[in-house]
Amino acid sequence: MSADQDGTNLLEVRGLTKIFGTLTACDHVDLNIARGEIHALLGENGAGKSTLVKMLFGSLEPNSGQIFWNGEPVRITSPGVAKKLGIGMVFQHFSLFEALTAAENIALSLDDGSPIGSIAAKARALSYSYGLPLDPDSLVGDLSVGERQRIEIIRCLLQAPQLIILDEPTSVLTPQEADKLFETLDRLRAEGKSILYISHRLEEVKRICDRATVLRHGKVVGHCNPRDETAASLARMMVGSEVQAVVRAPVAGLEAAQPLLEIRNLSRKPATPFSIPLRNISLTVRAGEVIGIAGVAGNGQGEFFESVSGEVLQQDAASVRIRSKDAGGLSITGRRLLGAAFVPEERLGHGAAPRMKLSENLLLSRHATDGKAFVGIGGIVGSGAIQTAAQRIIKAMDVRKSAPDPEAAALSGGNLQKFIVGRELDRSPSVMVVNQPTWGVDAGAAARIRQALIELSRSGSAVLVISQDLDELFEISDAIAVMHNGELSKPMPIAEATFERIGLLMGGAEPGHAEHGLEIA
Amino acid sequence: MDIAVNILLTIATAATPLLIAAIGELVVERSGVLNLGVEGMMIMGAVGGFGAGYLTGSPWIGLLAAIAMGALFSLLFAVMTLSLATNQVATGLSLTLLGLGLSGMMGTNFVGQPGVRLPNLDIPGLTSFPVIGRLLFGQDPIFYISIALTAAVMWFLFKTRTGLTLRSIGDSHSSAHALGIRVIRYRYLSVIFGGACAGLAGGHLSLVYTPQWVENMTAGRGWIALALVVFASWRPWRVLAGAYIFGAVWIGQLHAQAFGIPVPSQVLSALPYLATVVVLVLISRNKRLTMMNTPASLGQPFVPDR
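Chain order of the listed sequences is A and B. Note that our numbering numbers the first sequence so that position 467 is 467, with each residue one more than the last. With positions in the second sequence counted from 1, the corresponding number in our numbering is that position plus 521.
Read the hints as simulated data drawn from the structure, not as lab findings. Treat the hints with care, as some may be off.
To be verified - Using 30 Å as the maximum straight-line C-alpha spacing, the simulated DSS-like pairs for lysine-lysine come out as follows:
#1 A/269 / A/490
#2 A/122 / B/680
#3 A/357 / A/401
#4 B/808 / A/269
#5 A/219 / A/206
#6 A/180 / A/122
#7 B/680 / B/808
#8 A/219 / A/401
#9 A/84 / B/680
Chain A with its partners taken away, still in its complex shape:
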C-alpha cells in the first residue's frame, strides 16, 4: 500500500517550509501519500497542519520546498491549479455561501459550465449513491452543520479528485454521523482515491487510517502505522511529553445541594433568519457540580450562552435565576454582581480586547465587580493593584508569555484562554458559565483549564460548561445535557451516559428530551 507499480507516490512533499513573520509554521516538512490510502496528519492545534494543507491546496505559497504530483514537480499557485491537478478539499470552516442554494454552491466549484438544473440532478444522484442524502434546492443558511459538510464533500467528489483533503471533518458531527462519513471514506479508498485526513481525534485515526504523519511545532516528528499504536502513544508523539490526566472525584448528595443557577422555561425568538430559537429550556446547576452541555455546533448553544450571561436580556426576569435571585432582566454586570462569571467562546474580540494589555483586559471585565480593589478615589485606576492581580492570575494558571504584560493578541490561543478563565476563577465565582473552554487550545493547557473548573465546583460553586468536545465533557461533567435545535434534554448523570446515548440525543432522538409543547422539528 506504500507505492504503486512504477514506484511513485501520488503526492510527495519535500522540505516544505512556510514562515509567517518570526514564526516558522511549517519547517522542512516531508510527506508521501500513496494511491488508495487514507493518510492521517496528526498534530495539536498550532502544529502546522492547516498551514501545510493550505499550501497543498494553493491558498498559501510556500517559502521553500517542493511538491511532486505523480512524480512530476508542480507549483500549486492557486486553488484553481490544485483542482486541475485533481486535489479536492473539504474545509474545517466551511467555504460555503449561505445565501445561495446547495446546487448553486456546487455549481460554483465546477468549471464545465453545465447548467444549474443538471448539476442539481447530478448532485442528488451522487449524494444518494454515497449515502449522504442532499436536497439541492435548499438554502445553505438553513442547513445544519452536518448537512453543510455533506455539500462540501459532494462538491469535492463531483470534481472527481485523486486526492481528497479533509480538515477535522468529524469535529462538527455526531458520533453516528461520523460513522456514516467513515463508510464513505472506506468506499472512496476502495475506488483507489487517496485521502489526507487531518484530525486530533486519535481513536478515529486508529480506526480508519493506513498511515500517519505526526507534526509538532511545524516539524515532522514521526511516521507510523496508527493501527500499531495506542491512543496514548500517539498523544505522546503529538504533544512531546506526557499529558497530565484530569482527575475528577465523584461527589455524593448533589441532589440536596443548593441550586445556584436555575434556568426556567427560557425561550428566545431567532435573532436572524438563519439562527436558532431557544425553546423552553429548563436546567438547574447546584453547588458542587459540573454540568456539561453537548451538541452539534449551531443548535442554539451560542444563543443560550448569550441569554444566560446577560448579553441578551430576557422578558421574563425569573427565566434565569442566580443564587435564588431573578436575573433575567439584569445586564452582564448585574449578573456578575450576583456572583456569576462568564467565559464566552471567542477569545479575541469577545473574551479579550486583542490590542490591549492583559492587565487592561483584567480591568475591563472586573472594574464593575471589583471596583473597590482596582479603582481608587475619583475614578483613578489603581495600576499597582491591577498588576498584582494580573501577575497572580498568570502564576496560578501558568500563562506563558514573552513580555511581562503583553497585548492579549500576542499570546497563543491556549495561553490567552488560560488567562481569561483564570481572570474569572480569581474572583471565586459561585456560578461559572463557560462556552467552549478549550476550543483550539493545546492539550497541556486544556488539561489545566479542565482541572481548574472541576476544582472550582468542588469548592462549592456551580459550573456550567458548553462544549462541542464530547471527550472533554465526559472528562469533567457530573451530568451531561444535550442541546438540539434549540431544545435542551434532561441532564444525564455521567454514570449512565455513553457516547452512543449522547450521540443519539445530539442527532435529535427524543428520549430524555424535556417536555416543550412545541412542534417536533
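Given chain A, put chain B in place with the hints provided.
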C-alpha cells in the same frame, strides 16, 4: 391628454439618471464593494460628456466620453480599494469630493456655453402615434439604454453563471477565493462597470436633461442612487421602481409648488425622499428575503493571505 404625456415624459427624464447610476452601483455592491463615490463619478461623466460634445459638436461623442470618464475615474477607486486594500468608505467619500472639485476646475471654460443635446428618437409613423407614440418611440436614447440595462443586469445576475459567481463573491470573498475564483478581477470589472454607468448617468444630465454645464449640476443625485440600492435591497426591478417613484413625486411636487398649494415648499421638496423610502421599506418587509439578497461581505477589503 397632452399635459399627461408631457408629465410622464418629464418623470422618465428625472428617473433615468438615478436608475442608471443605481443599477451600476447595484452590480458593484453585489460583488461586495461599497463605492460611495457615485456622485463624484457622475459629475465627472457630466463634465466629460458636455466638454466632448461641446468641443466636437457631436452629442454622441459626448455620450461615449461621459461613459469613459466615469469608468476611468472609478479605476482610481478600484486601484486604491482592491489593489491597495484601503478603506472603501473613506476612499469612496474622497472620490466624491475629488470629482466635485476636479469637474469644477475642468468646466471653468464651459460655464454659460451652449451645449449639444442628444436627439430624441423619431420613427416616422410611430412617434407621431397619439399618446403612446411619444412615450414609447419619442424619448431620448439614454432612456432606452436605462431600461435595457436594467433587464440585462437582472438576467446577468440571476440567470448566468458569471452572475452567480459575482453574487457568491459578494456573499463571502474568502469562500470564493478558496474555490479558485479570481475575486479581485471580478471586483475590478464590477467597479469599472459601476463607474461607466455613473458616467453615463452624468452624461444624461449634461447632454439631455439640461444640455449645459453648471458646477455641481448632479445636485446629490449620486447619493440618491446609492440610497436607492440599499432601500431596494439589491434587487434590480426594485431599483427601477424606486427611481420612478422618486421621479414621479419629484415632478409632482414641482407642479404642486407651481400651483401655489398652501404647504411649505420645504415639506414638498422632502416628499420625493420620504415617499421613496416609505415605499421601498414596505416592499422590503420580508426580512428573510432581504438577508438573502444583502451582500454579506459588503465593504470589507479582501486581502488573500499568501
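Hints the structure fails to honour: The structure conflicts with no hint, since it agrees with every one listed earlier.
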